[in-house]
Amino acid sequence: MTKRLTFTTLTAMMALTGGMVMAEEKTLDIGVTDALTGGAAVYGLPQSNAVQMAVEEINAAGGVKVGEDTYMLNVIAYDDKANPTEATNAVRKLIDRDGVKFILGFCCSGATGAVASFIANEDAVMLVGNAAERSITTKEIANLTRTRPPADYTGAAAGTFVAQKGHKKVAVLGALDVGFYASYVDAFEAELKKAGGEIVTRESFGLKDRDMSPQLTKIRELQPDAILVVGYVEPAAFIYRQAVELGIDVPRYGFTSGSEEQFLRVATSEQMEGVWDLRPTELTLLSASENGVAYHANYTEKFGIAPSPSSPYAYDQTYALKHALEAAGTVEDTAAVAAALREMPIPAEVVMQYLPVDGKMFDANGQAYTSNGAFQWQGGNWVFVQDLPSDAAAYSAFLSTID
Amino acid sequence: MKLRVSHILYAAALVGFILLPQLITVKYYLHLSVLALVWVIAAQGQNLIQGYTGYVSIVQAGFMGIGAYSTTLMGLHFGLPVWLTILLAPFVTALFALFAGYPSLRVKGHYFAIVTLAFNLVIFIVLMHATDLTQGEAGISGIPKPGREGGWLDFANREVYYYFVLIIAVAMTALAALIVRSRIGQTLIAIRQNETLVGAIGIAAWKYKLFAFVTSAMYAGLAGALYAHYQSFINPEIFGLAQSLDAILAVIIGGSGTILGPVIGAFVVVFLPEYLRFADSFRLILYGLLLVLATIFMPRGIVGVVGQLWARMAGKATR
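Chains A and B, in that order, give the protein sequences.
Mapping of the first sequence onto my numbering: position 109 corresponds to residue 109, and the numbering continues sequentially without gaps.
Mapping of the second sequence onto my numbering: position 252 corresponds to residue 252, and the numbering continues sequentially without gaps.
Among the hints, a few may not be true.
Calculated pairs, DSS-like style, for lysine-lysine (alpha carbon to alpha carbon, straight line, at most 27 Å) [said to hold, decoys possible]:
{"#": "1", "chain 1": "A", "residue 1": "K208", "chain 2": "A", "residue 2": "K168"}
{"#": "2", "chain 1": "A", "residue 1": "K169", "chain 2": "A", "residue 2": "K194"}
{"#": "3", "chain 1": "B", "residue 1": "K145", "chain 2": "A", "residue 2": "K139"}
{"#": "4", "chain 1": "A", "residue 1": "K193", "chain 2": "A", "residue 2": "K208"}
{"#": "5", "chain 1": "A", "residue 1": "K208", "chain 2": "A", "residue 2": "K165"}
{"#": "6", "chain 1": "A", "residue 1": "K26", "chain 2": "B", "residue 2": "K145"}
Just so you have them, the derived chain B footprint on chain A, three or more residues with Cβ under 8 Å [unchecked claim]:
{"#": "7", "stretch": "91-104"}
{"#": "8", "stretch": "117-128"}
{"#": "9", "stretch": "167-180"}
Hints listed in this document are in silico derivations from the structure and should not be mistaken for laboratory results.
Beta carbons: idealized from backbone N, C-alpha and C, even for Gly.
Model the full assembly from the supplied sequences, consistent with the hints where possible.
Structure (structure tokens):
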């Protein structure tokens with residue numbers, strides 16, 4: 001009896017020990033390529049930080065459980081300056097030299113488009129964040145997903161909102177040589193026209209321009225009912241400030257996704273008062289979910305600065321990847337992980353308020369959709385005022401028709 | 001023909017380039033080598049106008065853009081085969097260069113540099129705003145590779161593309177050497193040394209300058225076409241002012257007015273920023289600092305420094 005017990009105990013111990021050996025703790029490198037310097041760093045750096053923060057949270061919670069193994073994540077981040085060649089080089093380096101199979105980040109459309117053009121041929125999965133150019137998810141690339149909805153998805157909702165406000169003559173001032181800003185305005189105009197409105201002028205500025213008074217002076221002469229500003233945060237902040245300085249007293253709408261801190265570097269809160277930002281329902285403290293509030297607090301504590309509203313796109317990518325790896329049960333088979341991404345429901349940890357399509361986070365094109373929201377600057381903060389009309393399923397069907 | 005040390009060095013370098021893909025274990029470096037070879041072609045063109053003729057042109061990346069977009073658009077809209085569009089791209093670029101060069105070359109020195117800089121800006125703005133044609137900032141993706149799918153040579157394979165670009169880079173370098181050694185090349189050097197004197201002896205210097213400018217643009221157009229079909233994606237950002245300055249730097253760092261200089265310089269401007277990635281956000285500051293120091297302390301470029309060292313060593317040996 002004793003012998004049998006000993007034998008049984010030994011067998012059990014061996015099995016347990018064997019099991020422990022099999023369930024090794026390993027490290028999985030994931031890559032980030034983003035604009036960490038230059039003009040687009042206002043979007044890229046917070047994204048990179050967000051991935052780093054999510055990884056630390058995941059590791060602290062026990063890592064990623066893939067089959068028998070547990071993986072701790074390690075981030076390798078490279079700066080692409082939002083430049084297509086730099087982004088290509090960075091991704092080549094991640095894949096070829098560092099052996100990375102999962103690449104996150106991608107704040108900006110030009111650089112993202114360059115990588116998207118070859119990623120289908122690589123043994124890797126690409127998770128796009130803030131880059132809003134529509135064509136990124138129209139090519140049916142199986143190993144690419146994107147958390148941010150395309151710009152025209154939001155532009156159409158914004159056009160409807162502004163038309164409902166009763167504005168008929170809208171002047172546009174934007175970085176219109178940037179493709180996704182132009183597509184936002186096109187979709188905006190289409191909806192405005194349906195309500196009998198019109199865009200009276202389309203004035204453009206460069207991303208490095210800071211004095212927009214000539215365009216604003218022209219706009220003032222046209223006496224529009226409202227102005228629409230689309231562009232990066234800093235030039236947009238100058239426009240809002242200069243519009244006040246020039247005495248333009250009409251509602252100001254925008255599409256910028258800048259945080260309070262980013263705007264207050266250029267304009268005063270008084271100059272910003274009443275400005276609308278019509279964008280995906282990104283992180284704004286006053287409208288955030290529990291996850292959003294926690295994200296804001298943790299990010300601020302870790303990096304000493306508030307997160308930009310669009311940065312959770314990258315944070316959410318990281319959690320989406322974690323769940324996809326666990327669902328696929330592999331870190332080697334990138335096709336299986338890419339397929340798992342397309343099949344997954346919305347993870348509980350995400351910050352943005354995604355609208356599922358057929359119960360899934362990403363549609364067949366690899367595109368996720370958030371709701372769109374109207375935010376207004378009130379007393380020094382972006383305040384969520386209302387949802388904008390957003391039909392994710394209809395847009396997803398439309399996206400599938402584009403070649 | 002007498003066999004000189006330089007000939008042995010050229011042969012050794014060529015053997016090194018041929019063996020490179022076999023020596024490289026990480027394909028990322030092969031990718032950078034392809035880009036560097038593309039830049040060798042662009043820099044050889046830049047060297048003709050800047051190094052040999054003495055006119056600093058700040059439009060080389062703009063001309064690369066014209067080459068890249070012309071090969072892409074001819075393929076997309078007219079269904080021309082990739083080989084043909086690559087061949088035609090330098091000639092399309094030459095037309096633009098002829099148009100730009102005629103007025104630009106009426107001015108000299110800094111004024112010429114500023115006029116060409118303005119042309120680069122114009123090219124960039126047109127590429128950005130002619131969205132119906134160029135798709136603006138979003139860029140054009142899916143640009144096909146040369147050859148047929150499943151054909152004898154798979155140009156999607158980076159090694160194959162490397163050898164393809166290497167052959168063209170060697171041919172264009174040899175062509176540049178031939179031009180420099182010809183009567184035309186000697187006239188270009190004479191213009192660099194003393195343009196007034198060249199005019200005084202009855203040579204129409206403007207014709208030679210225009211030749212150098214247009215040829216330089218053709219080199220850039222070819223480089224742009226090769227870049228487009230390699231990356232399969234182009235947008236205007238790639239052909240901006242910063243890239244034109246890279247072409248100038250490649251010539252200065254490598255050795256202005258030498259045949260080997262642009263080859264070395266092109267590899268430096270492609271590889272150095274990549275090697276400096278360890279410095280994170282200080283990378284570009286470090287890159288800029290290194291280039292400033294190199295320009296100050298090596299005005300004749302790497303080829304000049306090596307040449308001086310070689311001469312000293314040879315001098316000691318003969319003493």
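Q.
Are any of the numbered hints broken by this structure? If so, which, sorted upward?
A. 1, 4, 5, 6
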